[in-house]
Amino acid sequence: MASFSTISELVSMAEENRSSISEIVLSCEVQKMQKSRQEIIEVMNQRLIVMKKSIEKGKKNYNYSVSKMVGMNSAKFDSFMRRNSILGKIVEKAICYALSVSEVNACMGLVVACPTAGSCGILPGAVLSVSEEMNVPDEKVVLSLFTAAGIGMVIGKNATLSGAVGGCQAECGSASAMAAAAVLELMEASPKQIGHAVALALKNYLGLVCDPVAGLVEVPCVKRNAFAAVHALVAAELALAGIESVIPPDEVILASYEIGRLMPKSLKETSEAGLAKTPTGKEIEAKMNNW
Amino acid sequence: MESVFDIIGPIMIGPSSSHTAGALKLASMARSILGETPNKVVTRLYGSFAKTYKGHGSDRAIAAGFLGFNTEDERIPNAIDIAAEMGVKIEFIPLNIPVDHPNTLEFEMIGKSGLKIVVQGISVGGGNIIVKKIDNYEVNLTGNYETLITCHKDHPGIIAKITQIISSKNINIAYMYVSRLEKGKDAMMTIETDDYITSDIYSTLLSSPDLNFVKVIHKT
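For the record, the sequence lines run as chains A and B.
Numbering-wise, the first sequence is residues 1 to 291 according to the UniProt record's numbering.
Numbering-wise, the second sequence is residues 1 to 220 according to the UniProt record's numbering.
These are calculated hints, taken from the structure and not from any lab test.
Values in this document were obtained by computation on a predicted structure and should not be read as measured data.
For glycine and all other residues, C-beta sits at the position ideal for the given N, C-alpha and C.
Just so you know, not all the hints are guaranteed correct.
As the list claims (entries may be wrong) - To give an idea of the interface, some chain B residues facing chain A are shown, with a C-beta separation under 10 angstroms as derived from the structure:
#1 Phe5
#2 Pro10
#3 Ala187
Claimed, not checked - Computed beta-carbon distance windows for the label pairs:
#4 Asp138(A) - Asp195(B): 51 to 57 angstroms
#5 His155(B) - Pro264(A): 49 to 55 angstroms
#6 Ile97(B) - Pro279(A): 24 to 30 angstroms
#7 Asn39(B) - Met134(A): 36 to 42 angstroms
#8 Ala273(A) - His155(B): 52 to 58 angstroms
#9 Glu272(A) - Asp100(B): 16 to 22 angstroms
#10 Glu91(B) - Met134(A): 28 to 34 angstroms
#11 Glu91(B) - Met33(A): 55 to 61 angstroms
#12 Glu91(B) - Ala286(A): 40 to 46 angstroms
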């Protein structure tokens, strides 16, 4: 049975078969789950539909979170970008969509964890901004999510996708690498370029800590999703231009795991240091505890 | 990671896979172990659950789990009110006591029939859970398999008898766990299987004089 456990295996399997990374990931899933190709694509399509719905929901003055720390910013950004802005359409949409999905998540709405709920805005933000502006049909967008999944599986296997284990690099870093890979799939880049984009995206988020205020998936998480979606686009565009990562993707993944293990526990989702323990962070936490 | 849908997924009500989806799944497993909708539940929240349960909506997710909602149900944010309307009383007690796992929950349930069971479990990330204790017995249940729970008198041959009944139906055991409080007294066994546990197995075990508790939890 075909399987992969590293990015280099994924890239060479795609090269040998003269196919895309998404095809490799999809056919491995078909074999593993003993379901038809069409059935598996349909399950992924359901996830794409939920992603789109959460974008729409978030843009419409959705709500504030229970703590009132986050909410309404995607709507604010949506109306801002219609008037004036300094960035191009794709980047603006990526910001807006990532904020939307992430706010819907913080407000107890329906989302697709990808790979986690805390990082759920990054992949839809990057992928759907590009697919809309480049007129990529949905059938291709669905396939690109398999590419993202394949990258996430490798990171999960050789490092971690949990903020409690590896800090935010494991969640938003991984999501960003997955998103960069999916965007390149939409752009019909080579498997090798996808590998480099993964390395570039993850490398730049190495060491990112998880220090959320009051222990909630809100500050800095929601806005970080917007940054990370753009970050994924930068990695994708660098790789598309033929720029390579000196350190290969699999080595970057192992480095991220090592860094995660070395990171103090206080900065891994425990809210015992960093932003969580700033004067304002502590004030918000005290307010939440006295509800 | 077994599937692409562990990475792109689950589809869930936010904000946290461990504190919202995981909390719901633990409550829903506890409800299945009780075997009925509870009348009353005292929920003890430990570790990070104690600190963050309100902001993560863990309380609403737990109520949703006891009502039998799944992690995608858009009624989750209103589940506490729905539970109250349905006469399910759920109390939440955050406790600042050291525990082995940072995300631990304990449910003390009383069913409509009067049955009382205490279930303790942990949320291990990504919406995955492990039930660690049923009453005072140690167990290890993920809810990812067909599950059989039995309570029997601790004497020779019982375990063989139970597994014999299961194997006679060509059902493969994936994981098995036996624990007891004291030698010669009651013991609890949990069995996770690859194949569907049929109702005839349940009724055969239920009629056995050696067993004082039999529960089947189907994989969802």
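Results for each hint:
no. : hint                                      : in the structure
1   : Phe5                                      : holds (6 angstroms)
2   : Pro10                                     : holds (6 angstroms)
3   : Ala187                                    : violated (34 angstroms)
4   : Asp138(A) - Asp195(B): 51 to 57 angstroms : violated (37 angstroms)
5   : His155(B) - Pro264(A): 49 to 55 angstroms : holds (51 angstroms)
6   : Ile97(B) - Pro279(A): 24 to 30 angstroms  : holds (28 angstroms)
7   : Asn39(B) - Met134(A): 36 to 42 angstroms  : violated (57 angstroms)
8   : Ala273(A) - His155(B): 52 to 58 angstroms : holds (54 angstroms)
9   : Glu272(A) - Asp100(B): 16 to 22 angstroms : holds (18 angstroms)
10  : Glu91(B) - Met134(A): 28 to 34 angstroms  : violated (53 angstroms)
11  : Glu91(B) - Met33(A): 55 to 61 angstroms   : violated (41 angstroms)
12  : Glu91(B) - Ala286(A): 40 to 46 angstroms  : violated (24 angstroms)
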